[in-house]
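Colleague: Here is how the chains run, residue by residue.
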Amino acid sequence: MSIYAYVVAGWLLVMGSLGIVRSRNLVHAVVCLGIAQSATYVLLLGVGYQRGAKPPVYGSAPAHPSLHVMDPVVQAMTLTDIVVSATVTALLLALAIQIRKRRGTIDPDELTAIEG
Amino acid sequence: MPVVDHGVADLAPIAVAAPILGAALLMLLGRRVPRLALDVAALVVAAAEVALVADVFATSTSGRVVTWVAGWTPHKGYSVGIVLVNDPVGAGAALCAASLVFLALLYSAGYIDSVHGHFHCLMLLFLAGMVGMAMTGDLFDMFCFFELMGAAAYGLTGMKVEEESSLQGALNFGIVNSLGAYISLVGIGILFAHTGSLSLPILGRDLAHQRPDALIVAAFVLVLTGFLVRAAMVPFHFWLADAHAVAPAPVCALFSGVMAPLGAYAAFRIYWTVFAPVVPVGDVRRAFLVLGATTAVVGAIMTLGQRHVKRLLAYSTVAQLGLLLLALACLTSQGTAGALLDAAGHAGVKGALFLIAGVLLDLYGTMDEAELFGRAARHRVLGWLFVAGGLALAALPPFGTGLGEAVSAEAAVSLGYTWVPAVFVAVSAATGGAVLRVGARAFFGLGRRPVEEDGAPSSDEEPDVHLRRVPVSMTVPVVALLLAALATGVLPGARSAAERAGAYFVDHAGYVSQALTGAQAHMAVHARANWAALGVGLDVLSALLAVGIAAAACYGPRLPALLALQRRPMRILRAVHSGRVGDYVAWLMVGVAVLAGLVGLPLR
Chain A
1 MSIYAYVVAG
11 WLLVMGSLGI
21 VRSRNLVHAV
31 VCLGIAQSAT
41 YVLLLGVGYQ
51 RGAKPPVYGS
61 APAHPSLHVM
71 DPVVQAMTLT
81 DIVVSATVTA
91 LLLALAIQIR
101 KRRGTIDPDE
111 LTAIEG
Chain B
1 MPVVDHGVAD
11 LAPIAVAAPI
21 LGAALLMLLG
31 RRVPRLALDV
41 AALVVAAAEV
51 ALVADVFATS
61 TSGRVVTWVA
71 GWTPHKGYSV
81 GIVLVNDPVG
91 AGAALCAASL
101 VFLALLYSAG
111 YIDSVHGHFH
121 CLMLLFLAGM
131 VGMAMTGDLF
141 DMFCFFELMG
151 AAAYGLTGMK
161 VEEESSLQGA
171 LNFGIVNSLG
181 AYISLVGIGI
191 LFAHTGSLSL
201 PILGRDLAHQ
211 RPDALIVAAF
221 VLVLTGFLVR
231 AAMVPFHFWL
241 ADAHAVAPAP
251 VCALFSGVMA
261 PLGAYAAFRI
271 YWTVFAPVVP
281 VGDVRRAFLV
291 LGATTAVVGA
301 IMTLGQRHVK
311 RLLAYSTVAQ
321 LGLLLLALAC
331 LTSQGTAGAL
341 LDAAGHAGVK
351 GALFLIAGVL
361 LDLYGTMDEA
371 ELFGRAARHR
381 VLGWLFVAGG
391 LALAALPPFG
401 TGLGEAVSAE
411 AAVSLGYTWV
421 PAVFVAVSAA
431 TGGAVLRVGA
441 RAFFGLGRRP
451 VEEDGAPSSD
461 EEPDVHLRRV
471 PVSMTVPVVA
481 LLLAALATGV
491 LPGARSAAER
501 AGAYFVDHAG
511 YVSQALTGAQ
521 AHMAVHARAN
531 WAALGVGLDV
541 LSALLAVGIA
551 AAACYGPRLP
561 ALLALQRRPM
571 RILRAVHSGR
581 VGDYVAWLMV
591 GVAVLAGLVG
601 LPLR
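Which chain is which? The protein sequence lines are A and B, in order.
If you count the first sequence from 1, position 101 lands on 101 in the numbering used here, and the numbers rise without skipping.
If you count the second sequence from 1, position 412 lands on 412 in the numbering used here, and the numbers rise without skipping.
Isolated chain B, as found in the complex (with noise of 0.2 Å):
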């Protein structure tokens, strides 16, 4: 069976195991070699990872690269092997994995209490899980690389074992998502029963062309809960805040810049390898074009009522999630385009601000905003970079998310939905302000102090360490972060790049050809520029927005109307986000309810 070329199809399997290999060592190394040289092995590692996954990732894009693991090639169009399937948006999301681990790592060398080799271990196999998810074609697989990604995630949640908060979190986490994980196995299963195949092109060529069933549409539907509930769509989203909360700071940015958009990146690359030619496209698009703009609204409304600075980026976090559902609900290569822009932004920015929210944790040992206030005040170039980060997340140009959203919207506007890139604009400057806002309180001393009742209760929390100054190692991955974010909108070619990308995912016949027969498939798109005026503008708009709203909560005059106008809506919008597991287990049945609605009840 011929395949792209032997040397790198063999390099796929190895990055899935090489860091399972480099955790099982630091397990051996850890209570016998000194601090420093576990930091140093685990960088070794996830350096070798990124060098591994970017040698994977150059030789995709010029085509997929298939890799039947242990040679088990199809056999008369069947194989009871398991198959790795790069195109450039797995390989660029196990790179973009890779490289935040290491930063990550990095950023807490010599500081993140490491209890014996017990972190780097969770960091590595947490790498592990995401790496096999972004590769793998095979839907048991995705299943266990989910769930080693979960389990890995939840002991880095629970890590701080002797704070409250930080154990209540991570098991509301485990919980709401084992729960979708298991309900996601069982459309599994189902589809197991109908085909009698797990690999994502077998599926996909035996599914199409039979008439979209109950069956076929229970499975769609369960199998993507699992996935959904890690992207954070609403109302599987609960835990995403919880969890990032209480975790780590590096923790946060892995969450939130690759795990969670891990989440909706599993769900559209099992849609468009296994459901694409039976469930009608008009469907999906409608039923993900509401839920995305769902989470993305209330994402946004929680941001800004938000004083507990983790919890805020959290809930930003699942306001961008809403956008990249939106602009993968377009269903097309050039929305696929925009959300990957946006994502790989989005990862670089919103890792850069939970680092910094990690800095102030450890220097002040509070993430209140209004204890914060002024606090940072010598920490000026923080300062800057977090206004920056606040400015990129308001999908400011020539950021990579602005890039993004304005690459999405014109997707979004191409189909006839110009309400969408309303919404990008809304959301965006919403999320942007809320942390302009937070950067000019904590750094600049801006405007009134914040009181009490302003926003919700904050948990009381440890910092990770205790600092007296900012170590050059937690400067460095912040402000590689953000150029990172800066060169995914500035590079030339981002744009075309990412829409050859974009037309490899959407690819259904081609995936599966090539899977199953070898036959290459080149993907063929016209060089453009990476702006046009249209994105320009809404971008700039949305930025100006985000500093009027910032500069709105820190001098604007109390407004006791106005907030009796809100304040309804957001305590009962606080009340739904009870901390309770039971509440979050119970949103998700009526979650699960309503994507089976949207997508079921137009087909009867």
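Looking at chain A on its own, in the form it has when it is part of the complex (with noise of 0.2 Å):
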């Protein structure tokens, strides 16, 4: 695999970072924080690739499958990785949708509940 993939993850989770930082819209941060998510996809699934190989299902067919075949164990991993991210974002979501209903705004520097 080359480094392409790694580099993109970092720049995901670090502008997703910095994306939460500068935000001005708590839907904006929530968003963030699923592009900082998608680093940890981009480098799960760079970690398994492998050039030409083929995809983990061997079904019925040979008794001494290939061993040329894409890496299993993360690909689950991401599935289970986009399951906590759908709970997580959807979650938070709804908390910034309610934050706006009771204050009528979703700028963080406008929510002054809580200080020091």
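Just so you know, the hints here were simulated from the structure itself, not pulled from any lab data.
Errors might be hidden in some of the hints.
What the hints assert, rightly or not - DMTMM-like, lysine to aspartate or glutamate: derived pairs with alpha carbons at most 25 Å apart:
| # | chain 1 | residue 1 | chain 2 | residue 2 |
| --- | --- | --- | --- | --- |
| 1 | A | K101 | B | D113 |
| 2 | A | K101 | B | D583 |
| 3 | B | K160 | B | E371 |
| 4 | B | K76 | B | D10 |
| 5 | A | K101 | B | E462 |
To be verified - Just so you have them, the derived chain A footprint on chain B, three or more residues with Cβ under 8 Å:
| # | region |
| --- | --- |
| 6 | 147-157 |
| 7 | 166-176 |
| 8 | 187-200 |
| 9 | 579-593 |
Here the structure is a predicted model, which is why all the values come from computation and not from measurement.
Beta carbons: idealized from backbone N, C-alpha and C, even for Gly.
Put the complex together from the two separate chains, hints included.
Modeller: This is how it looks when you write it as structure tokens:
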């Protein structure tokens, strides 16, 4: 696997985090969190990728399956990761909507319910 | 593959699954049965979980209990399966979590708004996450349970959806902790790419004897970040006070008592099983002594400056977690033993204090120290319990917190770090003193009435319920928790048991070989009396200082010069705790860089 996927993963993680730092909108912040998380998808899939390899599906066919397949473990991890992210993102977006309803704004600079 | 005892080894996965099944059942029942039935059902599930975990814990005290789930045992030293490894520390943490959830459910029974069983369901999912995290021996499994625990915790924090601060606290908590978890996952991905394994024992075996190159250090720092965010290590700690200030009191008791300490548990579990042979001990020790001391001091200063009672208790948790990190950072079995006793004692004490704070909120509708002044005078019993909690927090013997700090201080001194006991005394005196100050003012009306400018502005807060009198189901958990904290320090053999558990925790080779080959390892430590003179002396000193701090706050003259001295740093420190999630994430990135610098730079 070329270094490219790892560079992209690192870039996404840093940009997602910076996005939250600079965010003026809670929905935007939650989406940036999702971007940071997509770094983990790219990284995991990049780790398991092999050029020219088959998908890790054996069915009932060969007794000695070719070893030249993608790593199924990282694919399972990515799927689990997506489930986790969907749950957390949905929950956080629901909170952001509720804040909008209560307060009429989702700009973190205007929310001052918590200090010190 | 031989295991200790098939019966108990099979119980461990059931202990993880049982609360999840219970939660699913409660969701089904939620809208169909009356509130009382929901409370009873949740309590029954929690009690069954306590019994299950207690069984695993009892077996683990005489040797680790290893379970390869669904029989995927290692073949030629490798396995694609998931392993649960219960040593006394892991099973003990799970037992602590289950007991605390039971008491929190008892406290909430009939009072906290259940929202058709959602509250009970989230509490049980939260429990499943904590138990899974404590028991697992697999890195990715740990991440999953970490997120399960997190998602349930975000939900529990934001339960009061009509309250703005509650929502904002939950959102800050969720974003910071999830980002931390994703950073951990990046580290896990790097480790998997490097070794092709996720299970802690296999990782530990394959990484041993490698050179600590940049890749391994990066993986170490990234993997630990998420767990240290949960452990509220400065500068990752900002979310903790926001979440504690707004979550219902029984939920706060769980957050402070087990959830945050579990973050420290996971970080050091991963260090000991995976990285102990690779990353030099000296570097890790130095890094965590620095970060632990910073956390403790920042937490203590912020505690003294608070007047919102739950925020005050939350910052005292930050300080306490700093002390826990200091003890673990000794990287010896004795330091770990001190941390265990301290964590167990603290879970009881802080749980009790948060529950009493919850009662005050429900009675008087405010968490502001100034508004509470003298109002709770007729609840003398609660008042004395609160004072007892404050003294226990100040490490007064024979509470478990005191014993833990005594053992930790001895461990640090035996390594030559004579400044560590001074931090312990100062920080426990400050946090205990702040709690005693609140108790003296709210329950006994001692000293001057605090004026408005005395502390940070406090947020308006709706009580969890409106109470006229204090029901027995709320006082019983408070008393039980304080008794548990007392028992940790009083029970003969507590110290020896903790030292044996600590010896299991730091035993890298034994962990790896038992998980992979089933070779039983037994730890023998010679029995020791709980208390030694040095520890008792330090503890009594910090308790006396705490009383002094509280008295000075209540009766002492207003000192303009002194106030002016402390005002500027206090203002800066408070401005840093801004409540803006963007700032918290910026600090998170700074923290990762600092941790990487502390661990990585000396290796160059």
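Colleague: Indicate, hint by hint, whether the structure satisfies it.
Modeller: Quick rundown of the hints versus the structure:
no.: 1; hint: A:K101 / B:D113; in the structure: holds, 21 Å
no.: 2; hint: A:K101 / B:D583; in the structure: holds, 24 Å
no.: 3; hint: B:K160 / B:E371; in the structure: holds, 22 Å
no.: 4; hint: B:K76 / B:D10; in the structure: holds, 23 Å
no.: 5; hint: A:K101 / B:E462; in the structure: holds, 18 Å
no.: 6; hint: 147-157; in the structure: holds (count 5)
no.: 7; hint: 166-176; in the structure: holds (count 8)
no.: 8; hint: 187-200; in the structure: holds (count 5)
no.: 9; hint: 579-593; in the structure: holds (count 9)
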